[in-house]
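> Chain by chain, the residues:
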Amino acid sequence: MPDPSQVGLELDEVTFPVERGKVREFVRALHEHDPIYQDADAAAAAGFTAIPAPLTFPMVAMMWRERDAAIEDLGFDFKRLLHGGTTWEYVRPLLVGDEITVKRSVAAVNQREGKRGGVMTFVTIDTEITDATGGVVARQTDTLIQTGA
Amino acid sequence: MATTTSTLASLSAEDQAPEQVHGPVTRSDLVRYAGAGGDFNPIHHDEQFARDAGLDTVFAMGMFHAGLLSRLVAGWLGLANVRRFGVRFTGQVWPGDTLTFNGVVDRVYEEDGVRLADCSFTVTRQTGDVAITATATAAIA
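Chains as they are written, first to last, in my numbering: chain A, 52 to 200; chain B, 11 to 151.
Please keep in mind that the hints were generated in silico from the structure rather than gathered at the bench. Warning: the hint list may mix true and false statements.
Footprint (simulated), chain B over chain A, 3 or more residues, beta carbon under 8 angstroms [stated by the list, open to error]:
1) 76–89
2) 96–105
Facing chain B, a subset of chain A residues (Cβ under 8 angstroms, in silico) [said to hold, decoys possible]:
3) M110
4) V111
5) M114
6) T137
7) Y141
8) T152
The beta-carbon is built from N, C-alpha and C at its ideal position, and this holds for glycine as well.
Bound conformation, chain B alone (with noise of 0.2 angstroms):
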């Protein structure tokens, strides 16, 4: 659930998002959101294209799991509040995989009577490897 509105105000750097995990991920997780984002590029979903492309199988789109870190976003900050979201691919999400979302308000400032707040997020593998950095800003009051 959205974090409460003067919670939200109170807001300042270094404040961490409440952690999220997700997984494992399956091959059913990717054939859903295949159907449900549109993205049917068959290396997310089709085994045998896959090793085709010299794959040992099938990888998460990234809209998958930037889709699954909106969640943290919208739910920590306030779907309505979020006025900028990025996210750069660092690497790829497998089948089995179990993902972790962390989010850290950088910085709080104000901009044309606007309190506004600057997050980083990132999505790790459970190996470590990190998969998404992502960056957004939230007006917070």
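Just chain A, with the same shape it has in the complex (with noise of 0.2 angstroms):
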């Protein structure tokens, strides 16, 4: 199980290419027609100096993982871990052509009894979005809970 010790931990970087088949792909999943994710002029238009990536993109850089070593090894039980959820600060939008690097780190663990008895942890996941030139792109932070057994 996580605990309080774990904090400050430097979890694992992962750098990934912001590609405009992938983004092409993810706005088709979420049913999302403005063309700027899809059509260079149509960003141009809009302002954008290539095609932007939409506000969650971030998190297929956090999938780009053949398994996520670093949260295991933290001692989740997978079995009993939900994500409460995630914030987005964005310095400026992501773009096709970007590669991004996305370095985790422990920001806090926090344990109290769950309403149903047994200890609910809550793992707080801080992430940094850099671009090639070292700028930070985005920041993200996650909320992980483990449920009492």
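Mind assembling these two chains? They're in different frames, but the hints should get you there.
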């Protein structure tokens, strides 16, 4: 089970290319029909220097792993793991052509008694998303919840 | 399509986003999102796995309906204007569900010479259960 001694732990780092095909596949899965995500001219007309990616697209980079070893290594029992939520802070839109690096660390671990007994553990994971120049594009915060046994 | 710049600048508290409805959610939606988003947790596509876990069937990954909601957020406030977007998952979404997406401006204020709008959003199932509560902050002028 995750515990407060893990706060500050750096989890892992992954580099991910933001490709036009992946963005197209992603927006189609979301039934998103705004042409800025598929058409370079429409993106340019809307003021973007390249086709942008949707707001939740950074999650695709999070999934760019064969298995989520870092999260497993924190001691989660995956059968009792819930995703409480995600917050993104955007410095600029993510664009096709970006090569982003996603670096995760443990920001907080809190435990409290669950309503139905057992200890609930809330783990906050901070993710910094930087581009090829090292500049921060966005920051993501996830809350993972381990429910009581 | 994005709200025009002049409309955006005149946003004020209690203004509502144009409501969106999506549904019914299909298993194909979930499989398609699994591939596009890279979330292959079998609980979201493998019926037998879901039943073995004590569920009636598969349920949607939260990032699927968070992504559906992001269309409303970006369409209403303008993708490039969004400074912050946060989703909290409050209930599950199942195949067959019809989802309604709503948004409202909570307050408009100035910070460092930029006009900002804090907004709240919900994703609600046909049962009335809320699957997501969300907030966003956007620069509107």
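> Taking the hints in turn, state whether each one holds.
Each hint, compared with the structure:
{"no.": "1", "hint": "76–89", "verdict": "holds (count 9)"}
{"no.": "2", "hint": "96–105", "verdict": "holds (count 5)"}
{"no.": "3", "hint": "M110", "verdict": "5 angstroms, holds"}
{"no.": "4", "hint": "V111", "verdict": "6 angstroms, holds"}
{"no.": "5", "hint": "M114", "verdict": "3 angstroms, holds"}
{"no.": "6", "hint": "T137", "verdict": "6 angstroms, holds"}
{"no.": "7", "hint": "Y141", "verdict": "6 angstroms, holds"}
{"no.": "8", "hint": "T152", "verdict": "17 angstroms, violated"}
Violated hint for the displayed structure: number 8, the only one.
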